[in-house]
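**Q** Below are the chains, spelled out letter by letter.
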Amino acid sequence: MNHDDDTPGPGDEPTDDALIEEVAGAWRPRDPRQLRFHPYWHDLSEEARVEAYDRARENRALEAALDPDGLSSTARAVLARIVGG
Amino acid sequence: MAEPDLDVHLPAIASGDAQAFAAWMASAEPALRVSLRRFARQVDVEAVLQETLLRAWQIAPRLTPDGRANALLRVSHRIAANLAISETRRRGRRPEAPPVEEPEVSPSPPDPLLRRVIARCREKLPAKPAEALDARLGAAGGIDDASLAATLGLKKNTFLQSFGRARKLLKACLEKSGVRLEEVLA
Numbered sequence: 001m002n003h004d005d006d007t008p009g010p011g012d013e014p015t016d017d018a019l020i021e022e023v024a025g026a027w028r029p030r031d032p033r034q035l036r037f038h039p040y041w042h043d044l045s046e047e048a049r050v051e052a053y054d055r056a057r058e059n060r061a062l063e064a065a066l067d068p069d070g071l072s073s074t075a076r077a078v079l080a081r082i083v084g085g
Numbered sequence: 001m002a003e004p005d006l007d008v009h010l011p012a013i014a015s016g017d018a019q020a021f022a023a024w025m026a027s028a029e030p031a032l033r034v035s036l037r038r039f040a041r042q043v044d045v046e047a048v049l050q051e052t053l054l055r056a057w058q059i060a061p062r063l064t065p066d067g068r069a070n071a072l073l074r075v076s077h078r079i080a081a082n083l084a085i086s087e088t089r090r091r092g093r094r095p096e097a098p099p100v101e102e103p104e105v106s107p108s109p110p111d112p113l114l115r116r117v118i119a120r121c122r123e124k125l126p127a128k129p130a131e132a133l134d135a136r137l138g139a140a141g142g143i144d145d146a147s148l149a150a151t152l153g154l155k156k157n158t159f160l161q162s163f164g165r166a167r168k169l170l171k172a173c174l175e176k177s178g179v180r181l182e183e184v185l186a
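These protein sequence lines map, in sequence, to chains A and B.
Counting along the first sequence from 1, when you hit position 17 you're at 17 in the working numbering, and nothing is skipped either side.
Counting along the second sequence from 1, when you hit position 32 you're at 32 in the working numbering, and nothing is skipped either side.
Note that these hints are calculated values from the structure, not bench results.
Heads up, none of these hints are tricks.
Each pair of labels, with its calculated beta carbon distance range: (1) B:180 <-> A:46: 20 to 30 Å; (2) A:80 <-> B:152: 19 to 29 Å; (3) A:47 <-> B:120: 33 to 43 Å; (4) B:152 <-> A:30: 17 to 27 Å; (5) A:32 <-> B:127: 34 to 44 Å; (6) A:47 <-> B:34: 13 to 23 Å; (7) B:8 <-> A:36: 28 to 38 Å; (8) B:18 <-> A:33: 17 to 27 Å; (9) B:62 <-> A:45: 38 to 48 Å; (10) A:33 <-> B:113: 34 to 44 Å; (11) B:82 <-> A:30: 17 to 27 Å; (12) B:119 <-> A:32: 36 to 46 Å; (13) A:31 <-> B:120: 34 to 44 Å; (14) A:45 <-> B:172: 22 to 32 Å.
Stretch-level coverage of chain B by chain A, calculated; a stretch enters the list once three of its residues show a Cβ under 8 Å from a Cβ in chain A: (15) 26-35; (16) 47-59; (17) 157-168.
Chain A regions said to be covered by chain B (calculated; three or more residues, Cβ under 8 Å): (18) 37-49; (19) 57-70.
Note that CB positions come from ideal geometry on N, CA and C, so glycine has one too.
Isolated chain B, as found in the complex (with noise of 0.2 Å):
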């Protein structure tokens, strides 16, 4: 199967059209996020993604398309590595993997088995592991987890329990479903 370019949002999200880059960013943040692993010992991942994805939005409407597929990526990519590297170095730390010259990385767009099968999982789960899970979604990374647990009535650590305790449940019976985590993320 050939490769999706995600390159088709790229006119509507240099004309400034969010949604597009909502679109672009459901196949392309899994992607950027893998080929960061390599940094998480020296930065925090998830603050360089979120950076990445601001500058790549940031970008898109001055990119000009080389004529291969997935240029908004490619750059977002090396995006993602200069910004890794260059806080690695803020930190007084050297860092442990080289910049890449030629990205190779591929979108990866929602798994529809994943789609199909969790709705039903998340029905089953217990009510204090749903309640954490439906905080954090309902959050959307916008509240810490301290005001959520308030919110709640709990102690932080007693959410984060329950959330943990929701991500495993929720795992547990995807598996019961046929669909492996492990699986879907290689």
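So that you can see chain A by itself, here it is in the shape it has in the complex (with noise of 0.2 Å):
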């Protein structure tokens, strides 16, 4: 698999480093009545989740470092959900 390789698959299937990055990101399902993983979460290796925890470390570091009020897209989801109920 060539994960330097700009052009979509087939289906659109994501890469190995496609899973990462999308695991590195602050969405997360929510569900009122349990914690919830990230789907791709469980398609990871070791390794791999490792890696998507390293790069969503620099994402929220970058995220809170422009936000005008120094919050991260993981304090921005928390507040919508306490605000929004």
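Using the hints, build the complex out of the two chains.
**A** Set out below in structure tokens:
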């Protein structure tokens, strides 16, 4: 699998790197009854999960630095749930 | 320098002030994320962290300070570790890391130099990476990547590649300006 290939494959199947990038984002399914993992987290190897963690940590630092209130997407997502109920 | 005490926000948080909680999260979130790294192979740290922050908001009105700094952060650290262990067990696995009796966690306020430099770096991004970065920032964790990509008329892979490129370009630009992200996060 060529991770540097900019052209999506048939059906836009995610590459390993794309899966890591997606899991490194702050979006998570919302379920008031239980804690929900990102659906693609389960498809990652243990090494890829650590890579997603490290990438997320960088993403959140960059997001917070770009935010006028110093909030990352994680903090914004939580705030939206608090305010939105 | 004395460690900042995030409990200055606690009275307002306890009275239901979401903006005070946002100010607390700005410094508490990085420290809590670091404390969860040891669970990264076993649980989705982002999901555990968001749940921890929600629970911190919920328990704050009932929290009795113990006379030491950062009571809410220390309690949140325990919540995070217990959630991670509980989720690991729920998935039929044995936690690799034992629970922490006395958490060692310090707040991490936003780095002022990083904040000053990054705005200039963002302006230098090429159109596609800038578009992907702006989409993620605008969504603030509330919209999944497939929907964001569709909004931009992109395949999800292309969108994610553009976002990854934005991060790499921002890091390279920061480094040229003397800001190494690895050192900021260390």
